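*Asks:* If you want the building blocks of each chain, they are given just below.
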Amino acid sequence: MKRPSVLFAALVLSASLAAPRGAAADPTIATGGAGGTYPPATSFAGVSINGIQSGLGVEINLGGSSLGQFCAVLLGVSGLGVEQNIKLEGEVTTASQPAPNVAILSGLATIDMGDGLPPADGIPFTATVATDASGLGTIGLVTGLASLPDARMDVGSLTIR
Amino acid sequence: MTEFCPGNAANCPADQFKSSSTTCRPAADQKCDIAEKCSGNGPACPADAFQPSTVTCSDGRFCTDNDKCDGAGHCVGGPPPSCSDNNACSTDVCNLDTDRCEHASVQPACEGKMTGGGQILVDKANKNDKRSFGFNASGTALLVGGARGHFNYVNHAARTHIDGPVTFIYYATPNGTGGIMRFEVTTAAGCKYQVTAEDWAEPGSKPPYDYLTVEWVFSPPTISCPMDNTGRQPLDSGNIQWHNQ
Numbered sequence: 000m001k002r003p004s005v006l007f008a009a010l011v012l013s014a015s016l017a018a019p020r021g022a023a024a025d026p027t028i029a030t031g032g033a034g035g036t037y038p039p040a041t042s043f044a045g046v047s048i049n050g051i052q053s054g055l056g057v058e059i060n061l062g063g064s065s066l067g068q069f070c071a072v073l074l075g076v077s078g079l080g081v082e083q084n085i086k087l088e089g090e091v092t093t094a095s096q097p098a099p100n101v102a103i104l105s106g107l108a109t110i111d112m113g114d115g116l117p118p119a120d121g122i123p124f125t126a127t128v129a130t131d132a133s134g135l136g137t138i139g140l141v142t143g144l145a146s147l148p149d150a151r152m153d154v155g156s157l158t159i160r
Numbered sequence: 000m001t002e003f004c005p006g007n008a009a010n011c012p013a014d015q016f017k018s019s020s021t022t023c024r025p026a027a028d029q030k031c032d033i034a035e036k037c038s039g040n041g042p043a044c045p046a047d048a049f050q051p052s053t054v055t056c057s058d059g060r061f062c063t064d065n066d067k068c069d070g071a072g073h074c075v076g077g078p079p080p081s082c083s084d085n086n087a088c089s090t091d092v093c094n095l096d097t098d099r100c101e102h103a104s105v106q107p108a109c110e111g112k113m114t115g116g117g118q119i120l121v122d123k124a125n126k127n128d129k130r131s132f133g134f135n136a137s138g139t140a141l142l143v144g145g146a147r148g149h150f151n152y153v154n155h156a157a158r159t160h161i162d163g164p165v166t167f168i169y170y171a172t173p174n175g176t177g178g179i180m181r182f183e184v185t186t187a188a189g190c191k192y193q194v195t196a197e198d199w200a201e202p203g204s205k206p207p208y209d210y211l212t213v214e215w216v217f218s219p220p221t222i223s224c225p226m227d228n229t230g231r232q233p234l235d236s237g238n239i240q241w242h243n244q
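Chains as they are written, first to last, in numbering that gives the first Met the number 0: chain A, 0 to 160; chain B, 0 to 244.
To be clear, the hints were calculated from the coordinates, so they are not data collected in a lab. One or more hints might be untrue.
Taking lysine to aspartate or glutamate and the DMTMM-like style, the derived pairs with C-alpha atoms no more than 20 Å apart in a straight line are [as the list claims (entries may be wrong)]: (1) Lys-126(B) / Asp-111(A); (2) Lys-126(B) / Asp-120(A); (3) Lys-126(B) / Asp-114(A); (4) Lys-17(B) / Asp-47(B); (5) Lys-112(B) / Asp-25(A); (6) Lys-123(B) / Glu-82(A); (7) Lys-205(B) / Asp-25(A); (8) Lys-112(B) / Glu-90(A); (9) Lys-205(B) / Asp-114(A); (10) Lys-205(B) / Asp-120(A).
Since the structure is predicted, the reported quantities are computational estimates derived from the model, not experimental observations.
In isolation and in its complexed conformation, chain A is listed as follows:
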């Protein structure tokens, strides 16, 4: 039979040994769950876009290698006036942090235009996430299909640390 008291002691010892791993060696983390709006007359590949809902979780390592996910749902209206949401599901493979509050995330994405046609795979994308003092900020999106101006986030939170 295992002896829990011994294992617990080992846990405490492990905790004390793990503590010295300093924050300086930790990669930058960019995460977010937020929603925002685009300037009037914004469009993406012919679809009028008024909002974005985004979730992202990325690790940015020194040297630019990165791993994580970037997802955006673009809230749009088709030319026929019906709701048309465009989904971008991206795998982040490179990233940089040009400023403490800015993360530039790049990789390949699958984009579903929400028009009933099959999604397009392997579309390059770059998302520029900038946080502000309120814990929100902006997300700029450039893809191989189209580019968007910065969306101003007004609900949720963005974090770079």
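With chain A's structure known, arrange chain B on it following the hints.
*Replies:* Chain B in isolation, oriented as in the chain A frame:
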């Protein structure tokens, strides 16, 4: 019984015995021993008898289950009950000294790293009930101070959000196609949530889907925390990824 001289005859009265309703040997154990009673027609108490070993009993301890009499008047503890906490990263032991379930980290401890970003729909009948999330979580399970990362989540319909560091990892285990991690998030206000991220598919928005579960667990006094409990939801968009470290 004691017979007394009648006072008017030479012989002692005939021998008399206590009635058959009189207990001559109480049960030493209420469950496994049997009280013996006088026969009513003799002086001897019947031989000591016990419950058979098929009779169930209780020795009063949590860490013994299915206790049974031993046929000699004693209750004997059975095997320990299950102490499973459904956590593959912890050992499960019923400690006979403390008489309670105890859990500790398996050795070597579970470690994992997961990232995710996407959206879930909690109320499928309400297309506006969308929750976007993003996280990065890594570290050692069941180790205080062993978690790193951050979690963000927004309920677009309610316009509430969760934003905080990953403060503890309950478990982190590969599952063959990816992995599963359950971690704690603590916001700046002290609100606590448990988040379970499951990586089953690539991408996670297609069958068999990745899953996210967000559970509110604690609000500090006087603090109003978003009490989001999403249930286990497949991703509507995005992906959750287990990373082999």
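*Asks:* Hey, Lys-205(B) versus Asp-25(A), does the alpha-carbon distance stay inside 20 Å?
*Replies:* At roughly 32 Å apart (the allowed maximum being 20 Å), Asp-25(A) and Lys-205(B) break the hint.
*Asks:* If you draw a straight line from the CA of Lys-17(B) to the CA of Asp-47(B), is it 20 Å or shorter?
*Replies:* Cα-Cα ~18 Å, so holds.
*Asks:* Next pair to validate is Lys-123(B) with Glu-82(A); report whether the Cα-Cα distance is within 20 Å.
*Replies:* 17 Å, holds
*Asks:* Is Lys-205(B) close enough to Asp-120(A), meaning Cα to Cα at most 20 Å?
*Replies:* Distance ~14 Å between Lys-205(B) and Asp-120(A) Cα, so the pair holds.
*Asks:* Compare the distance between the alpha carbons of Lys-112(B) and Asp-25(A) with 20 Å, and conclude whether the hinted pair is satisfied.
*Replies:* 13 Å, holds
*Asks:* Would you check the hint for Lys-205(B) and Asp-114(A), treating anything up to 20 Å between C-alpha atoms as holding?
*Replies:* 18 Å, holds
*Asks:* Compare the distance between the alpha carbons of Lys-126(B) and Asp-111(A) with 20 Å, and conclude whether the hinted pair is satisfied.
*Replies:* 18 Å, holds
*Asks:* Taken at face value, is the distance from the CA of Glu-90(A) to the CA of Lys-112(B) at most 20 Å?
*Replies:* 16 Å, holds
*Asks:* Within a Cα-Cα threshold of 20 Å, do Lys-126(B) and Asp-114(A) meet the stated pairing?
*Replies:* 17 Å, holds
*Asks:* For Lys-126(B) and Asp-120(A), compute the direct alpha-carbon distance and say whether it is at most 20 Å.
*Replies:* Violated, because 26 Å separates the two Cα atoms, which is more than 20 Å.
Violation of the numbered hints given earlier is confined to hints 2 and 7; the remaining hints are satisfied by the structure.
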